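A.B. asks: Residues per chain are reported as follows:
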Amino acid sequence: MLKSRRNLLSAVVIGLIASAVAMPSFAAEKKLTLGFAQVGAESEWRTANTTSIKEAAKAAGIELKFSDAQQKQENQIKAIRSFIAQKVDVIGFAPVVTTGWDTVLKEAKAAKIPVILTDRSIETKDDSLYVTMIGSDFTEEGRKAGQWLLDNYKAQGDVNIVELQGTVGSAPAIERQKGFMEVIKANPKFKVTRSQTGDFTRAKGKEVMEAFLKADPNINVLFAHNDDMAIGAIQAIEAAGKKPGKDIIIVSVDAVKGAFEAMMAGKLNVTVECNPQLGPQLMDIVKQVKAGKQLPKRINTKEGIFPMETAAKEFPNRKY
Amino acid sequence: MSVTSIVRHRLFWPCVTLALLCAVNVFFNHNFFALEVRNGALYGSVIDILNRAAPLMLVAMGMTLVIATRGIDVSVGATVAIAGAVVAVMIGGTLVIKDGVQSYVANFPMPLAIIAALAVALLCGLWNGALVAGAGMQPIIATLILMVAGRGVAQLVTEGQIVTIYYEPFFFIGNGFLFGIPFALYIVAAVLLILLYLTQRTALGLFIQAVGLNPTAARFSGISARALVLWVYGFCGVTAGIAGLIITSNVKSADGNNAGLAMELDAILAVALGGTSLDGGRFSLIGTLIGALIIQTLTYAIYSLGVPPEINLVVKALVVFTVCLIQSERLRSMLFTHTARIGEKS
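Here the protein sequences come in this chain order: A and B.
The opening residue of the first sequence carries number 275 in the numbering used here; numbering runs sequentially from there.
The opening residue of the second sequence carries number 42 in the numbering used here; numbering runs sequentially from there.
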């Protein structure tokens, strides 16, 4: 009885596996298959990123096999192995950490499946293990913010800039600061007088800005590493009886919905986009890879910059 | 009062520390004590510090009572996040722009949302109390459960997003001013007065101390220690809930991930700096408030001095270390006898 039940069970399992193996090969004749191993759903940004990839795959007619690693590397490696076993056409993944990928990527290479990294890069001695990496260039975001300031700040005299940094040690904080400094160095009248971390949060951004305003009456510009801190700082500036966006020019990064609301109210001057919606661009790259095109090792996401004047027009299009 | 009795007073060293920190602030920022009226409200560094310290003072007062019963509650930060999430989701509010006029509509009436958030916070506290007093778990382990799970609950309530509130009246709790003084400080004062009354004018304070010093003896002398501990944790949950309301109202949004993060540690530190022993028993609510102000004044000093952000925490730790050394009675007596001996020899 037990034995026959087990036989039945194994028959069902074999049947399922057979159909699972048969399905993709049948589908592959018509469309491309992309196996994508996502980091998880740790932030609003990431959720927008996932939605964008899913929608873009549907729109581009690419079959997407999606896996959520719940922020664990071993889950991502398992997912990649299963994509190799399923013989997908292209593997995409957003690496949780930078190291430890060589073995599994060699397996993918041996199976002749091209790999595309999104959003974060990896450290490896052998760059033939992946085709390209597509993601935001945080340094470039910092440069854009700095350039906007140089081009648009009109008043005479020295310009005292205060900076609200992101979480200490995080890549966006380090690189946005680097890019911004690089550009404003060109004009000696622009000086960063105070810089402190606001941990990317509204509450800290507000608290630090309050202290800055008390300690220093001559602040002309605020550069915030993300919109949330800028939104917190705006509240502090208003409480100090100054007009954010006029008395103090505010430059920030991310371009989330809240920033557009602030810009429409005239309280934020400009925000540089850090775009999670790399789905459409990823699908283009998948097609190009499959068509055998040569691609650069690093492709930056298309990111805009939104000054206050464009906010009302752009607001209805924002998805995150 | 003689000089020695002032020095021996247990609030002496906390007050000295606070005064020293203020002196450091004045040294680097001469306008530290300057107050002026802007937009009909007092404006200045001191007001900022008091206003920012308000949530911490509330949480730390609840923590003081818990610690006095020989317990500890490491889940208060999570409770702050949960209460904030509940109130934000319930009020929510939508920005309606009609003919260029912005107006705000709440999902639920504000009083209902506030009561619900505080009720949830009370439940969180009672849950801790039930685990400690009912199931007899070690307080740090019992409250660790909610500390870990609580952030998940808050995330669940906000669906992992930062919920922005668009409802003007709610902003008053964390941003409003009454007679020129931040409204949050009135809340702190009210809670403080109620607690002072209960602990000094009724037997409650004595009961709490008795339970903290010797639970068995307290039970034999007729105090229902279990019920007392249960409600002390419940109260601690409520103070965390109120703090959550203030924080959420202050930034006009609830962030399940970051609201009240590591606040339990600051609260415990405030209690310790205020001279309440972590072994339970005697406690000082005023000391705790001074402890909370020490922490906030220190944070403020770090912001305005231009300490590089990479070493913020090291500076903070060094100051806390020094303060704890100063407050250690054993170290002081060692130093005093040593200097006295040197004095004898010469």
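Simulated from the structure, these hints should not be mistaken for lab results.
Computed from a predicted model, the values in this text were never measured in an experiment.
Be careful, since some hints might not be right.
Computed cross-link-like contacts, DSS-like style, restricted to lysine-lysine with a CA-CA straight-line distance of at most 30 Å [stated by the list, open to error]: (1) A:LYS428 / A:LYS576; (2) A:LYS465 / B:LYS357; (3) A:LYS452 / B:LYS357; (4) A:LYS567 / A:LYS399; (5) A:LYS428 / A:LYS399; (6) A:LYS567 / A:LYS339.
Examples of chain A residues lying across from chain B (beta carbon under 10 Å, computed) [to be verified]: (7) THR321; (8) ARG355; (9) ALA359; (10) ALA445; (11) GLN470; (12) ASP473; (13) LYS480; (14) GLU484; (15) ALA485; (16) ALA489; (17) PRO491; (18) ILE505.
Partial pick of chain B residues on the chain A-facing surface, computed with a CB cut under 8 Å [unchecked claim]: (19) ALA64; (20) PHE68; (21) ASN70; (22) ASN80; (23) SER86; (24) ASP89; (25) ARG93; (26) GLY201; (27) ILE288; (28) ASN299; (29) TYR344; (30) PRO350; (31) GLU351.
Even for Gly, the Cβ is constructed at its ideal location relative to N, Cα and C.
A.B. asks: State the violated hints by number, sorted upward, taking the hints as numbered earlier in the document.
C.D. replies: 5, 8, 9, 10, 19 and 20
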